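Asker: Protein chains in written order, with the UniProt record's numbering: chain U, 1 to 524; chain C, 1 to 524.
The hints are simulated quantities; they were obtained by calculation from the structure and are not laboratory data.
Predicted model, so just to flag it, every value in this text is computed and none were measured.
Incorrect hints may appear among the rest.
Unchecked claim - Label pairs and their in silico Cβ distance ranges:
id	chain 1	residue 1	chain 2	residue 2	range
1	U	Val139	C	Thr61	35 to 41 Å
2	C	Glu62	U	Gln65	55 to 61 Å
3	C	Glu40	U	Ser142	35 to 41 Å
4	C	Gln343	U	Val139	29 to 35 Å
5	U	Ile9	C	Thr494	54 to 60 Å
6	U	Asp138	C	Gln343	29 to 35 Å
7	U	Gln65	C	Lys32	43 to 49 Å
8	C	Val42	U	Gly79	48 to 54 Å
9	C	Gln65	U	Glu491	29 to 35 Å
10	C	Gln343	U	Glu40	39 to 45 Å
Think of the CB as a built atom: it goes at the ideal place given N, C-alpha and C, for glycine as much as any other residue.
Number of protein chains: 2
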Amino acid sequence: MEFQKNQMIKFKHNSKLLEKAQQAKPELKFEKIVPQRTVEIVPDHEELFGYRVAPLSHRITELNQMAFGKGERVILDLGDHHVGNFQIKIDSVGSPMDASLWLHVVFAELPVELGTIHEDYHGLLSSSWLAEEYLHLDVLPSLLKMPRRYACRYIMLEVLDTSPKWKAVFNEPLFTAESAVSLDQVSKLNSGDSVLDRIDQVSCKTLHDCMQDVFEDGPKRDRRLWLGDLRLQALSNYATFDNQQLVKRCLYLFGGLTTEDGQISANIFTQREPIPDDTFLYDYSLFFVSTLADYFERYHDLTVLKDLFPIAQQQLDLALQLMNQDGQIELNSKWPVFIDWSQEFDKAACAQAVTIYVVKQFLELAKEMNVEVKSYQKILNKLTNFAIEKLYDQQRGLFMSGAEKEFSIASQVWMALAKVLPPAENHALMETTQKELFPISGIATPYMYHHVCAALFETQHSAAALDLIKSYWGSMIEYGADTFWEAFQPENPTFSPYQSMAINSYCHAWSCTPAYLLRKYLKS
Amino acid sequence: MEFQKNQMIKFKHNSKLLEKAQQAKPELKFEKIVPQRTVEIVPDHEELFGYRVAPLSHRITELNQMAFGKGERVILDLGDHHVGNFQIKIDSVGSPMDASLWLHVVFAELPVELGTIHEDYHGLLSSSWLAEEYLHLDVLPSLLKMPRRYACRYIMLEVLDTSPKWKAVFNEPLFTAESAVSLDQVSKLNSGDSVLDRIDQVSCKTLHDCMQDVFEDGPKRDRRLWLGDLRLQALSNYATFDNQQLVKRCLYLFGGLTTEDGQISANIFTQREPIPDDTFLYDYSLFFVSTLADYFERYHDLTVLKDLFPIAQQQLDLALQLMNQDGQIELNSKWPVFIDWSQEFDKAACAQAVTIYVVKQFLELAKEMNVEVKSYQKILNKLTNFAIEKLYDQQRGLFMSGAEKEFSIASQVWMALAKVLPPAENHALMETTQKELFPISGIATPYMYHHVCAALFETQHSAAALDLIKSYWGSMIEYGADTFWEAFQPENPTFSPYQSMAINSYCHAWSCTPAYLLRKYLKS
């Protein structure tokens with residue numbers, strides 16, 4: 001049976017490495033957030049996702065003057081996105097409570113999640129991720145302390161039933177937000193451009209809300225540690241909160257939980273004892289090398305390097321088993337490459353480029369470790385030669401991918417980042433990419449947009465990179481983002497990888513990289 | 001506003017009496033119940049309520065061999081009705097849990113409650129009484145301990161969602177049943193008639209499950225202490241469990257919580273600090289006298305009598321304010337009389353008879369207290385004279401009620417119980433009642449059926465009383481009752497006072513009186 005897949009994959013548990021992960025576990029910081037106002041969510045076809053937020057006239061301090069009977073509801077607005085726990089005092093007015101209170105509580109990052117909560121859900125992900133609870137309160141007054149953690153800006157309290165003889169009254173709502181870091185730690189960008197400054201703020205908030213016990217991909221749903229996300233979060237973290245311990249912890253978690261063959265899972269569940277997932281992604285496994293290299297570059301931490309270098313090498317060796325005699329990476333279905341949520345482009349050239357990108361970082365680490373690198377140098381040449389000779393179309397000045405010889409933006413971007421071509425040609429590659437392949441379409445994630453921007457910056461197209469940051473991340477802000485989203489396709493803004501806007505994550509770490517890109521490239 | 005009614009009624013809190021109620025609070029007894037089997041609930045139009053229980057072939061010990069994905073469910077059968085708390089171990093099989101478990105748990109006394117749980121609810125009582133919970137479990141394995149108390153025989157575990165990669169597994173379901181008493185304390189009836197013996201057993205079980213911190217009316221819903229129910233529960237208790245403390249506690253609760261005018265509420269909420277309801281019923285208030293008299297007759301407890309006699313007297317005095325110059329009780333809408341859930345008959349004659357019944361018990365108590373009773377004796381005569389002269393139709397040998405001069409069974413029964421007529425004529429009254437008004441129709445509760453049977457026994461119609469017990473309570477058993485019901489109308493068996501079979505209470509204390517009637521009248 002498909003669902004038993006995992007029980008056939010055996011994992012190692014390296015207790016020495018896992019102990020080091022445990023030691024680096026952060027103490028979370030807590031902040032008390034009082035909702036600022038009550039609002040209504042109104043259907044509005046002119047809004048991106050079909051709903052508008054309409055403030056109500058009374059103040060939040062008047063909440064306890066209102067009584068809620070069967071079918072009545074109130075929506076609290078925290079004023080910003082937060083991650084944490086919620087509590088509220090509930091009392092009754094009227095006759096003594098001659099029935100339980102039957103309460104529906106819904107937490108939403110965006111209005112669309114509240115607007116659609118009473119509709120049937122047909123998304124591809126589990127409906128258990130819809131952030132709603134149904135509760136019976138037998139005795140009032142009570143202090144309702146919700147036991148689960150939520151990611152939200154809006155909280156809807158909907159009275160499903162009382163009795164005709166009494167109503168419910170809410171008072172003292174309180175959200176306790178949590179994170180491993182504090183926004184006070186980050187100095188402002190002060191770019192001189194208010195749009196970029198705002199993008200940077202939202203980026204930092206996004207990263208902040210995803211920095212919990214581990215770098216979570218998104219606090220709304222899985223709360224998992226994904227390697228592809230970790231790599232970008234770590235880069236943004238170095239430029240902002242600079243929390244060394246949390247990156248170290250996550251590296252040790254991945255290093256301590258490989259399969260018996262030494263392969264690193266795409267992600268780890270960390271809510272109780274850490275459990276590696278049975279999902280493996282080619283690029284994500286390789287990014288263990290990359291994340292370790294970035295970490296070492298930032299902190300020169302030889303202890304971590306020595307502990308984890310063999311595991312990094314193992315990822316590369318496993319990947320290189322897919323290289324054929326011509327130097328081509330031949331992917332198979334057991335170990336797909338991610339690159340982006342879009343399935344609209346061929347990803348073979350990307351896989352080739354990512355491998356080159358990672359081998360180069362590996363060679364830097366190997367030098368630090370005094371490891372013999374000749375064989376990897378040879379491999380790098382073979383990989384690069386294949387890319388230039390078989391994938392590069394000299395006439396068009398672009399890389400092609402797959403049997404259909406597709407020229408996708410993603411292929412050019414990853415080849416540019418891997419610096420397969422010499423600097424001048426690399427610059428020209430991204431020049432041609434803009435001329436021939438822009439405006440961008442068919443890319444579904446801020447994750448891939450990050451790599452486009454990074455490639456533009458790395459090839460001295462800073463103005464274009466800044467324009468792209470302003471238009472792409474700026475659009476999300478215009479659409480009402482308090483934190484940046486998991487998926488966003490400007491030409492198709494209601495795209496969901498799961499076929500449901502209600503299940504998308506609207507605070508997703510891999511979208512936080514403007515904080516990194518702007519700090520790295522704007523100031524230089 | 002209607003729902004603020006209570007805030008205008010001021011209650012006294014007699015702390016001395018309430019302290020005595022607190023001291024008599026029982027220590028509950030707990031019993032561990034392991035479900036005996038798994039079953040299906042199958043729609044079946046030949047069954048009374050439209051559903052049939054179909055046992056599944058596997059054993060309960062095989063439960064942990066089964067895996068439940070989205071939309072799959074299992075129903076556990078406790079084998080009998082119980083009141084208490086539920087726990088179960090839940091684990092996952094397959095890949096690591098990449099989504100929360102979204103679980104629906106439904107508790108049911110009868111199959112109809114499970115069969116209709118997915119239908120829209122349109123009953124008159126709050127939907128918050130439907131015994132269902134929706135739960136998210138973020139981490140498995142977990143021991144799920146449901147925090148609320150339930151009354152049930154069947155427990156449905158319905159997996160609303162997992163993810164395609166894993167399923168839920170249930171193991172070690174455990175129900176911890178609770179009661180103030182143990183069934184072991186009651187000796188068997190051994191009547192020689194297996195139907196009566198079974199009716200007695202089910203009566204004792206019904207009373208047992210309603211004897212908690214107080215005598216509850218029914219453990220499924222309100223769990224309230226109602227005076228009308230208490231009176232009958234106490235009588236059955238004297239004949240079976242003989243728990244003096246619990247009756248004493250309930251008498252002190254009512255006595256300690258009158259209105260400022262001295263009136264006793266129809267019921268008290270006891271889940272936290274006791275709160276009297278703002279519902280007042282004429283007969284229920286008077287039954288404080290009756291319940292105190294029955295208690296004194298059983299235990300000769302002078303302390304309780306001295307503490308509570310003034311409050312008993314107050315109830316009578318308040319009732320007698322409604323007596324006009326002719327000796328007629330004139331009800332008003334602020335203080336209606338209950339008698340039965342049926343609204344199909346006029347209740348004025350019943351109110352007259354209940355008053356006479358209670359005055360007679362009051363006179364007994366007054367003698368014990370050495371209180372001057374002449375005025376009450378005079379009132380009794382006036383009440384009785386009015387009944388005989390104005391309500392009794394000598395030709396028909398029956399009492400009539402109301403402007404329409406109705407001859408209802410309830411009027412005859414209460415006049416017989418009040419012994420308005422001399423013994424021979426009282427015997428004839430119930431003889432005529434049977435001849436002219438039977439077969440019974442239009443009576444909706446075991447509560448009123450109890451009074452019919454009591455009147456038959458008291459007027460030496462024992463055989464008819466036994467036949468009625470066997471046919472009425474026996475029918476409920478044939479329909480699948482593990483405990484006796486709140487409402488049952490044999491000629492209209494799907495009657496619900498709330499227009500929903502799902503919200504009826506199927507373990508209701510006022511239906512437990514065969515245990516009392518059979519022990520009192522069968523053995524004499």
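Asker: Please go over all the hints and tell whether each is borne out by the structure.
Answerer: Results for each hint:
The hinted range of 35 to 41 Å is satisfied by U:Val139 and C:Thr61, whose Cβ atoms lie roughly 37 Å apart. Between C:Glu62 and U:Gln65 the CB atoms are about 56 Å apart, so this pair conforms to the stated range of 55 to 61 Å. The hinted window of 35 to 41 Å between C:Glu40 and U:Ser142 holds, with their beta carbons roughly 37 Å apart. As the Cβ distance of C:Gln343 to U:Val139 is approximately 32 Å, the hint placing it in 29 to 35 Å holds.
Separation of U:Ile9 from C:Thr494 is about 55 Å and conforms to the stated range, judged on CB atoms against 54 to 60 Å. Taking 29 to 35 Å as the suggested C-beta distance range, the pair U:Asp138 and C:Gln343 conforms, at roughly 30 Å. The beta-carbon spacing between U:Gln65 and C:Lys32, approximately 48 Å, falls within the hinted interval of 43 to 49 Å. Between C:Val42 and U:Gly79 the beta carbon distance is about 53 Å. The supplied range of 48 to 54 Å therefore holds.
Our hint of 29 to 35 Å for C:Gln65 and U:Glu491 is violated, since their Cβ atoms are close to 51 Å apart. Restraint check, C:Gln343 to U:Glu40: a C-beta distance of roughly 42 Å satisfies the suggested window 39 to 45 Å.
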